[in-house]
Amino acid sequence: MICCKECLDLLYDYSEGTLPKETSASLEEHFSDCPPCISFLKTYKATTVVSRKSIKANEIPEAVQERLRDFVQNLKKL
Amino acid sequence: MASEDKEREEQLVREFQAGNLEVFEDIAAIFQRQIYSLAFNLTRNQMDAEDVTQDVLLTLYRKIDTFQGKSAFSSWVYRITLNASYMKLRSRKKDKLVSIEETFPAFNNSGYHQEIIKDWSESADTLTFSNETRENIGKAVDQLPEKEKVVFILRDVDGLSTEKVGEILDLSVPAVKSRLHRARLFLRKKLSNYFEEYHSKETQKK
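Listed in order, the protein sequences are those of chains A and B. Residue 760 is where the first sequence starts when you use our numbering, and the numbers rise one by one after that. Residue 9 is where the second sequence starts when you use our numbering, and the numbers rise one by one after that.
With the rest of the complex left out, here is chain B (with noise of 0.2 Å):
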């Protein structure tokens, strides 16, 4: 983010603080794509993401004078964001528990791959337009476990830092990464199962 976009941001949250009730407009245009969008991405339904954005404008109304400016505040607007997307998928389901570890690659006592990894990364570019596929990925996104999800969702989908993952969540660098590492192989592997699926079908279509 432009450093003269992030002046503007505290300028604003300093003369809302300071009771001009009127800037919360372009507080509020400001960070409401950022708050769908992550919302969005974490309860893959339109309504909830609509929901949780009003949720979230709610709570930057009224709880404004709690943010003391330790961090940034689009990282505090994260977090705001993040609780009340938990709270909506909480309402809705149980999660169901998911073994990351068993998506890992598998070795022999060598410490060789055991199984044959295909390389798909060619043609994925081409699927990545076609709705289905689009589709396949978010329904592989959505299955990460919790931990998991948001690091990568933050980090290689809205391609913000590392480090202000690791401010936004509370989390080391080193924890951050980790979760990431884990997250990118249990999505690999699901694409995986689903480039190789749908390769073999246009196989036998020709």
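Okay, chain A solo, but in the shape it has when bound (with noise of 0.2 Å):
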């Protein structure tokens, strides 16, 4: 059976659901028997999720677009 070691290894592949059937299936079997991993898996995928979620989607200041608009009208002046 496979280490935990090498599970870690695996861990970008499984979580992208890219992982050859037969290694899927005996990291899957290594899980079923080792909850450090699990928690690891689990926490890895959720890593994703919640950076994701906290720092995506950094809209432009009101004040900052305006400025921005004027520096592009400006441009066609130089």
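Read the hints as simulated data drawn from the structure, not as lab findings. The model shown is predicted, which means the values in this text are computed figures rather than measured ones. Beta carbons are placed, not taken as given, at the ideal position from N, Cα and C, and that holds for glycine. Fair warning: there could be bad hints in the mix.
[Said to hold, decoys possible] Listed next, with one range per pair, are the computed distances between beta-carbon atoms: (1) A/Phe790 <-> B/Met95: 42 to 52 Å; (2) B/Glu154 <-> A/Glu787: 33 to 43 Å; (3) A/Gln824 <-> B/Asn116: 46 to 56 Å; (4) A/Glu765 <-> B/Asn28: 53 to 63 Å; (5) A/Arg826 <-> B/Tyr94: 21 to 31 Å; (6) B/Lys126 <-> A/Glu787: 13 to 23 Å; (7) B/Thr74 <-> A/Glu787: 46 to 56 Å; (8) A/Ala822 <-> B/Gly146: 13 to 23 Å; (9) A/Asn833 <-> B/Asn201: 46 to 56 Å.
Put the two chains together into one complex, using the hints given.
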């Protein structure tokens, strides 16, 4: 059976769903017997989700939008 | 991105290259959000993000002739934004050397987890909406080394494909994946520390 360390190397492709079936199966076999790896997988996936929610969508503030509009207008006069 | 959008962008760029200066306003309107958002994620500072956005718009205006259409126009804009953001960062601070490997999990000789791995994934979902948590995550991302940070922002935050990120950064797909994996491990550890601390504070209150 594969160990936790080997699981770590496969985690990226596993979470993207790009692992070959057999490798995927042996990973899941390890998971079924290893709570730490399950926690690790869940928190690994959650890291992406939580980060995306927290830092996505930096809308341009209204005042900045106005200044950028002026800036673009002035470019044409150069 | 829808292919009609892409076609419209290319059309605008061709018109601008042909000397129709009026269309630059449309080009700016289409891309300034992408530019500002990336610049903000890299600098974590509104004023810097605004400066970078102006720099990039100016570069687009002046250097449009050097765009040869070998890659997508948006990739070109991303690259210019990255360069401008890095210039800004370099003028601001010396990067502290972070050892990303230190945040990777430790294994014993048989290759099994050495530390206790707590599962905070369920509670994370409800905590994400607090400002304190968002700020902490922003700080953790800011601590990532540049190479890993940019890949994480483009791919996991902005949701670009691995191939597109590779095109922007001139990296192979395996290289993008490897950097992304390292970034995720680093952030997972930082978030674990944060959520565990948060949880113990909450338990003490009760």
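Hint check results:
For A/Phe790 paired with B/Met95, a C-beta distance near 45 Å keeps the hint of 42 to 52 Å intact. Remark: the range hint 33 to 43 Å for B/Glu154 to A/Glu787 is upheld by a beta-carbon distance near 36 Å. Between A/Gln824 and B/Asn116 the Cβ separation comes to about 55 Å, which falls inside the hinted range of 46 to 56 Å. A C-beta distance of roughly 58 Å is found between A/Glu765 and B/Asn28, which places it inside the suggested range of 53 to 63 Å.
The given range of 21 to 31 Å is respected by A/Arg826 and B/Tyr94, whose C-beta atoms sit roughly 23 Å from each other. A beta carbon spacing of about 22 Å between B/Lys126 and A/Glu787 agrees with the range 13 to 23 Å that was offered as a hint. Between B/Thr74 and A/Glu787 the beta carbon distance is about 51 Å. The supplied range of 46 to 56 Å therefore holds. Take A/Ala822 and B/Gly146: their Cβ atoms lie about 21 Å apart, and the range 13 to 23 Å holds.
The hinted range of 46 to 56 Å is satisfied by A/Asn833 and B/Asn201, whose Cβ atoms lie roughly 47 Å apart.
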